[in-house]
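Residue-level listing of the chains:
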Amino acid sequence: MRRIGAIAHLELKRVFQNPQSYLIMFGMPILFTVIFGGMLSGGGEEGKPLVAVVDEDQTIASASYLEKVQASSLFEVKTLSREEAQADLDGQSLSGYVWIQPSFETSLIESESPNVSFFFHPSVENSGSFQQVLENQLVEVNHRVVAASEYQSVTGEPWETAYEKMNVDQPAGSGVQTIDVIANEAATEMDTLTARSTGFAIMFVMIAMLSRTGGLLEARRNGVWDRLMSTPALKRDIVFGYVLAFFLIGWIQFGLLMVISSLVFGVYWGSMLGNVILVSVLLLCTIGLGLAIAGFVKTSEQQSILGNLIIISTCMISGVYWPKEIMPSFMQEIAAFIPQTWALEGFTELAVRAGTLTDIFLPIVILLAFTVVLLSIGVHRTAWK
Amino acid sequence: MLDVMELSKRYGDREVVKNVSFHIDQGEAFGLLGPNGAGKSTTISMICGLIASDHGDIQWAHQSIKRSPVLIKKKIGLVPQEIALYPMMSAKDNLLFWGEMYGLTRREASQRLKEVLAYVGLEARAKDKVETFSGGMKRRINIGAALMHRPELLIMDEPTVGIDPQSRNHILDTVKKLNEEGMTIIYTSHYMEEVEMLCDRVAIMDHGEVIADGTHQDLRQRLVGGTMVHAVLEKVTHEGIAAIEQLPHVEEVVEKGEGQYEIFVQHPHQTLSRIVTAAVQNGIMISSIDVKEPNLESLFLQLTGRSLRD
Chain Z
1 MRRIGAIAHL
11 ELKRVFQNPQ
21 SYLIMFGMPI
31 LFTVIFGGML
41 SGGGEEGKPL
51 VAVVDEDQTI
61 ASASYLEKVQ
71 ASSLFEVKTL
81 SREEAQADLD
91 GQSLSGYVWI
101 QPSFETSLIE
111 SESPNVSFFF
121 HPSVENSGSF
131 QQVLENQLVE
141 VNHRVVAASE
151 YQSVTGEPWE
161 TAYEKMNVDQ
171 PAGSGVQTID
181 VIANEAATEM
191 DTLTARSTGF
201 AIMFVMIAML
211 SRTGGLLEAR
221 RNGVWDRLMS
231 TPALKRDIVF
241 GYVLAFFLIG
251 WIQFGLLMVI
261 SSLVFGVYWG
271 SMLGNVILVS
281 VLLLCTIGLG
291 LAIAGFVKTS
301 EQQSILGNLI
311 IISTCMISGV
321 YWPKEIMPSF
331 MQEIAAFIPQ
341 TWALEGFTEL
351 AVRAGTLTDI
361 FLPIVILLAF
371 TVVLLSIGVH
381 RTAWK
Chain F
1001 MLDVMELSKR
1011 YGDREVVKNV
1021 SFHIDQGEAF
1031 GLLGPNGAGK
1041 STTISMICGL
1051 IASDHGDIQW
1061 AHQSIKRSPV
1071 LIKKKIGLVP
1081 QEIALYPMMS
1091 AKDNLLFWGE
1101 MYGLTRREAS
1111 QRLKEVLAYV
1121 GLEARAKDKV
1131 ETFSGGMKRR
1141 INIGAALMHR
1151 PELLIMDEPT
1161 VGIDPQSRNH
1171 ILDTVKKLNE
1181 EGMTIIYTSH
1191 YMEEVEMLCD
1201 RVAIMDHGEV
1211 IADGTHQDLR
1221 QRLVGGTMVH
1231 AVLEKVTHEG
1241 IAAIEQLPHV
1251 EEVVEKGEGQ
1261 YEIFVQHPHQ
1271 TLSRIVTAAV
1281 QNGIMISSID
1291 VKEPNLESLF
1301 LQLTGRSLRD
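Heads up: the protein sequence lines correspond to chains Z and F, in order. With the numbering used here, letter number 89 in the first sequence gets 89, and the count goes up by one each step, no holes. Each position in the second sequence, counted from 1, maps to that position plus 1000 in the numbering used here.
I should point out that these hints are in silico values taken from the structure, not numbers from a laboratory. Treat the hints with care, as some may be off.
[Unchecked claim] List of simulated lysine-lysine pairs, DSSO-like, C-alpha gap at most 30 angstroms:
#, chain 1, residue 1, chain 2, residue 2
1, F, Lys-1176, Z, Lys-298
2, F, Lys-1127, Z, Lys-13
3, F, Lys-1176, Z, Lys-235
4, Z, Lys-13, F, Lys-1066
5, Z, Lys-235, F, Lys-1075
6, F, Lys-1176, Z, Lys-13
7, Z, Lys-235, F, Lys-1066
8, Z, Lys-13, F, Lys-1129
9, F, Lys-1176, F, Lys-1129
[Claimed, not checked] What the simulated footprint calls covered on chain Z by chain F, stretch by stretch (three residues with Cβ under 8 angstroms from a Cβ of chain F suffice, anywhere in the stretch; the number is not a length):
#, stretch
10, 221-235
11, 362-374
Here the structure is a predicted model, which is why all the values come from computation and not from measurement. Cβ atoms here follow ideal geometry from the backbone N, Cα and C, with glycine treated the same way.
Let the hints inform the model, and build the full structure from the sequences given.
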C-alpha cells in the first residue's frame, strides 16, 4: 500500500510541478469552451432562436397553445403556413417550427396523442431542451382541455365558455402548487455552455491522460520501469499505483473544470452523486484508452500523435465540438461506439434534464464496458507483457 | 551467499546466456568482465528477477529467487546501465521515492537521505532537478537510489559509461568504500582497469559464456607466455625470428603484420636483452620494443582473439 501511495504521490508531484500541465489541463479547455460556447450560443435578445408556429387547427385549444409559445422568453415566435415554415427551415432562417395539425383540439378532447409535430434544424444546439419546453406547454394546454371537457359535460355550457373558465392561471397560494422541475427555462439557457464545457472537459482530460499514460512508455525507455521491477514491489502494486495516480490527476482536472465552469460560466452540472459516478467511470475509461494506445506503439511520441488523432476525431464525431445531429446519419451511428458519446449523454441527462443516478444507468454501464475492454488491453500490453 | 547455477537464457534462436555458473561470498567484490553483447546485462537481469531464466537457478543464502523473489529483491540494490531516474524531479525526490519503493517508510527514507547524498557527494545539489546535473552527477544519484535501503548486495551494471574522469574516480572510490564497509558487490564493465581495481574475483564473459574466472592471480597464471613483448621490426628474416623463438623463456612469437610482433615470454626483464641481441645478430632492425604487463585485457585477447572494446 505504501508503494502504491509513493507512486501516486510522485506522479501527482511530477504533473503539478510542470507549468505546461496547467495550460493543457485547465487553460485549453476553458479557452475552447469560451470560443466554441460563444460561437454557438450567440448573445442577448438577438441570439434567441426564431420558431414558427403553423396552426392548421385554428381552434380555441390551438390558439391557446400558440399564445403560450409566444409568451415564452426562450424563442422569437411567428406564425407561418406549413410550406413557408418548411422553406424557412430549409433556408436556415428559422430554427424550427411547431406544426399544429387540423385535428389537434379533437385529439386532446378525446384523450388521444395531440396531433403536434416539432421540427428543428440539425444545427440547433438545444433542440432537445426547446422541444421539452414546448411539450411542457402542450401538456398544460392538454390539462385545461380535459378540465374544460369535464366542465362542459357537467354544466352543459358551450365549449368556448368552458375552456375560457378553465384557462385561468391558479392564483398564488391556491391549494395545489405545481413545481416544474424538468427543463425549466433557466436550465435550458445554460445548455450550450454546459455542452461545450462538458465536451471540452472530457476532451482535455483525455489529452492530459494520454500524456500521463505515455509516461509509462518513457519509463520503459529510460530504464525506470525495469528499476521499479527490480524493487520488492509487486507488479500488481506498481500498475495499481500508476492507475491510481492517473485517476487522481484526472479527478483534480475534471473537478476543477467543473468548479470553474460553474463559477465563471454559470454552468449547471446537476446531481452531485451522478456526476461523481459518471466522471469516475469516464476517467477509468480514459485511462484504459491511454494505456491501450500506449500498448500498440513504441515511443511516447508515437503515442502522442496516434492518441491525439484518435481523441480529437472521436470527440468531433461524438458531439464535443458541435451537436452530433448536424452530422450524416451513418456518423451518428458510429458515435454510438465512442465512449465520449455516452459520457456526453450522461452529462446532458444530469445537467439539462435534471437526471438522477438511475437516469444515467445506461451511459454508465456502456462506459464501464468500454473501461473493462480498454483497461484490460492497456494494462496487459503496457505493463504486463 | 549468492549462487548462480547453470543459468541459460535464449531469445528465439539466439542463446544469449549459456550455462553460466559462479559463486559470490559475502563482502566480496565480484567483477563481470566482457565486451558489449557478452551477456553480462542479461545475467544481471536474471539475478535481479527482471527476466526469468530458461534453465538453471539463482540462490541467495540457499533460497531460490524463483520461490522467494520479493525476499531476495529486498537484499539487492540495482544500479542500472541507464540513468533510471525522473529527470524533472529533484535528487531528493528521486532518492526518497526509490527508498519508499524498496520498502522504507517516508520517515526512514528521509533519515537515510543525508547519508546517501554524502556517499555520492551531492549534498549541496539535493534540491536541484536531476536534468540540470552533469552526466557524472546523474550517475552518482543513480547509484544513490540503489543505496537507500542499505542493500546487502549492490549490483552495478556499467556504472561509469560515458562520464568524465573526475566523476568516474568518485564512483570507483565510492564502490571501494562500500565494499570495505562490508557490502557485497557485483560490478559489470568492459573497462578491465575498473574491474582489476575494484574486484577480488572476476568472471570473463564472451558470447554468453563464462570463459574464465578466478582471482587476478589465477587469471594471470592462465595467460600463456605470461608477459607480452610488443616489437616493431624491420628487415625481418626467418632465421632471425627462429633465433628469437629458440631463446630461453620465449614461449611464442606471433606476427601481427606490418612488422609488428607479439612475443610471449616468462621473466621479461631477463629475456628482453636476449631478444634484442638475437635480433641485431640476425640483421633485424628494431624500431620500437616495449613490455606489456599481463592483465585481463591480454587474457581476453588471448582467449578470444579480440579486444574487450571490440
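- [ ] Hints the structure violates: just list their numbers, smallest first.
- [x] Hints 1, 3, 4, 6 and 11 contradicted; others consistent.
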